[in-house]
Each structure stands twice: as structure tokens, then as C-alpha cells.
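There are 2 protein chains.
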Amino acid sequence: MMHMKRLLSIFVPSFGFSSSSASSRLKIGDILKQARTFSNADVVEYSKLSCDSNPLHFDSDCARNAGFGDRLVHGMLVASLFPRIIASHYPGAVYVSQSLQFRLPVHIGEDITGVVQATNIREIKKKYIVKFSTKCFKNDDQLVLDGEATAILPTLEPGESMG
Amino acid sequence: MMHMKRLLSIFVPSFGFSSSSASSRLKIGDILKQARTFSNADVVEYSKLSCDSNPLHFDSDCARNAGFGDRLVHGMLVASLFPRIIASHYPGAVYVSQSLQFRLPVHIGEDITGVVQATNIREIKKKYIVKFSTKCFKNDDQLVLDGEATAILPTLEPGESMG
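Protein chains in written order, with my numbering: chain C, 1 to 163; chain S, 1 to 163.
Simulated from the structure, these hints should not be mistaken for lab results.
All figures in this text were calculated on a predicted structure; none of them were measured in a lab.
Do not rely on the hints blindly, as some may be mistaken.
The list treats identical chains as one, so a pair stands whether inside a single copy or across any two.
Straight-line C-alpha distance at most 30 Å; calculated DSSO-like pairs for lysine-lysine [claimed, not checked]: (1) Lys138 with Lys27; (2) Lys48 with Lys138; (3) Lys48 with Lys125; (4) Lys138 with Lys125; (5) Lys33 with Lys138; (6) Lys126 with Lys33; (7) Lys27 with Lys131.
With these hints in hand, go ahead and build the complete structure from the sequences.
See below:
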């Protein structure tokens with residue numbers, strides 16, 4: 001099941017899967033989740049795109065000498081789960097802020113789950129400023145990435161503004 | 001000159017160009033800069049890689065209806081400039097935290113300059129915990145992205161730990 005979810009999450013960009021609240025108006029406490037495993041190809045592709053040549057992502061010896069199990073996934077690539085989760089449920093969401101605390105290394109091939117929870121909702125000029133807690137876990141329970149995001153949503157109804 | 005710098009920055013991943021302090025030990029106040037223009041191809045590639053299907057990145061009408069000039073570059077792709085700048089000068093740098101305040105939209109094709117400045121340096125167990133202010137500007141003076149990063153550097157000598 002986990003594997004199927006992951007595949008869906010990777011290959012069906014918009015509404016792969018979501019929490020049970022996805023069919024109703026967003027409210028405080030609602031949780032949105034998506035899982036992903038970052039592959040070697042993902043890391044190579046992201047390195048090219050971001051021009052990030054940090055050897056921790058390419059060189060196993062360098063990564064091990066620095067105290068890691070093996071090569072690392074770029075932190076910002078892991079963090080890309082958060083806007084993806086928010087935008088896949090609320091297309092047209094505009095990012096206002098994101099804080100990121102990298103707590104544990106993410107190695108290539110590890111199963112990562114992004115968990116986004118609405119913690120505050122304010123309506124201003126017919127739009128919604130929503131604060132989310134944003135966390136990534138590996139092996140279901142190890143917190144690897146922690147933080148908060150704020151986004152402006154055009155609507156609290158999931159998927160409604162999709163073109 | 002700006003154009004040449006940008007090309008260098010895009011096609012020479014590791015040490016494209018840097019501040020005048022790049023050949024000396026990092027100290028508080030030192031500034032590292034790199035410029036980049038995100039293309040349509042960059043945005044399409046990043047969307048695929050991150051599975052982010054927000055129409056603001058694909059659909060000009062959607063972006064204009066939301067009040068923007070045209071399609072937006074993903075905020076996290078713009079933010080990738082910061083770890084790239086830090087790691088290109090200090091290979092082996094490990095990211096601890098990053099805060100991001102998205103102040104102005106970044107449209108496809110706009111000239112963006114990432115500016116990273118060391119604001120605090122602490123030595124612990126022969127490594128260096130360095131706090132940086134991290135900013136991106138467009139048109140040289142408009143602040144589009146603001147925040148702070150903390151990274152652990154293996155050394156304060158630029159490029160020394162490159163494999």
C-alpha cells in the first residue's frame with residue numbers, strides 16, 4: 001500500500017492522494033500528506049537544475065567522511081514536498097514564507113513522508129492566509145525536516161481553482 | 001559583463017564567480033554572490049522533478065488573474081540559489097536551517113542575484129557553524145526573497161574540501 005501510494009504520488013502530479021479531509025473545506029487541524037522516495041536520478045537532475053555541486057550529493061566517500069551513511073538528498077529538494085502538497089490540494093496557492101530546520105540527513109532511496117497541517121486561517125479580501133506546520137519524516141516516525149509555511153489560498157475548497 | 005557573469009554562473013557549477021573575499025578565510029561580513037535567470041525550461045524541469053503542478057507556473061492566464069505579470073518561478077527553485085552559493089564556495093557544507101520570506105514574485109526570464117553574507121561564525125569540534133543572511137534581488141535592487149541560513153562548514157577556506 002505504501003509503495004502504491006508512493007508511485008501515485010510520483011506519477012500523478014496533481015491529486016495523487018490526500019487526507020480524508022481533502023473533499024471538504026480546509027479547516028484548522030486538517031492534515032495533508034504525500035510520500036516520496038528521492039532516487040539517484042532525482043538528485044542528479046536536481047543538482048544540474050540548481051547548479052549545486054556539493055560533493056555530499058555525488059561522492060559517497062565524502063558523505064561518509066562527513067559522518068553520513070551515504071550520499072545525501074539536497075535539503076531544498078526534500079523541502080519541495082511542502083509547496084507541492086499545498087499546491088496539489090489548493091492550486092493557485094501563493095507562497096509567502098517557509099522556515100526549514102534540517103534535523104536529520106535524508107539519504108538517496110529513503111522513504112520520506114511530507115506532512116502539512118493547517119494551524120491558522122485568516123480571510124482577507126476574499127483570499128485566505130493559511131499558516132501550516134510542515135514536517136518530513138523518514139521511516140514513518142523520524143523527523144528529518146521541520147518548519148512552518150504561510151501561503152495565500154484563492155479558496156479553501158480543494159482543487160476548485162484548477163484550470 | 002552581467003550577461004557573461006550569468007553564463008558563467010549557469011554553466012560553470014562550482015566556482016563560476018564569487019566575491020573578492022573568495023580567496024581568503026571566511027569572516028563575518030563577507031559577501032558571496034551569484035546571478036541567474038530562470039528560464040521556461042528551468043521551470044518546466046523543476047515542476048517535473050518536484051511534481052509541483054501549481055498552475056501559476058504553467059498558465060499565464062491563471063498567473064495574470066491572480067495579479068502577477070505572468071508565470072512565476074517556483075519559490076523553492078529561486079531559494080536553491082542559497083545552498084548553491086554556499087556549497088560552491090564551501091564544498092561539503094551541511095545545511096542546518098533556512099528561513100524564506102517571499103517578498104515579490106519572480107517571473108520567468110527575470111535577472112535574479114543571490115546575495116549571501118556571513119553574520120556569525122562559531123567554531124565547534126573543528127567545524128564551523130556559520131549563520132548567513134540570504135537575499136535575492138531582481139533588477140539589482142528589488143528584494144524578492146529574504147531570510148537566513150545556518151550551515152556547518154568543514155573549513156573556512158574556500159574550496160579546500162573539494163574532492
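Hint numbers the structure violates, sorted upward? Those not satisfied come down to hint 3.
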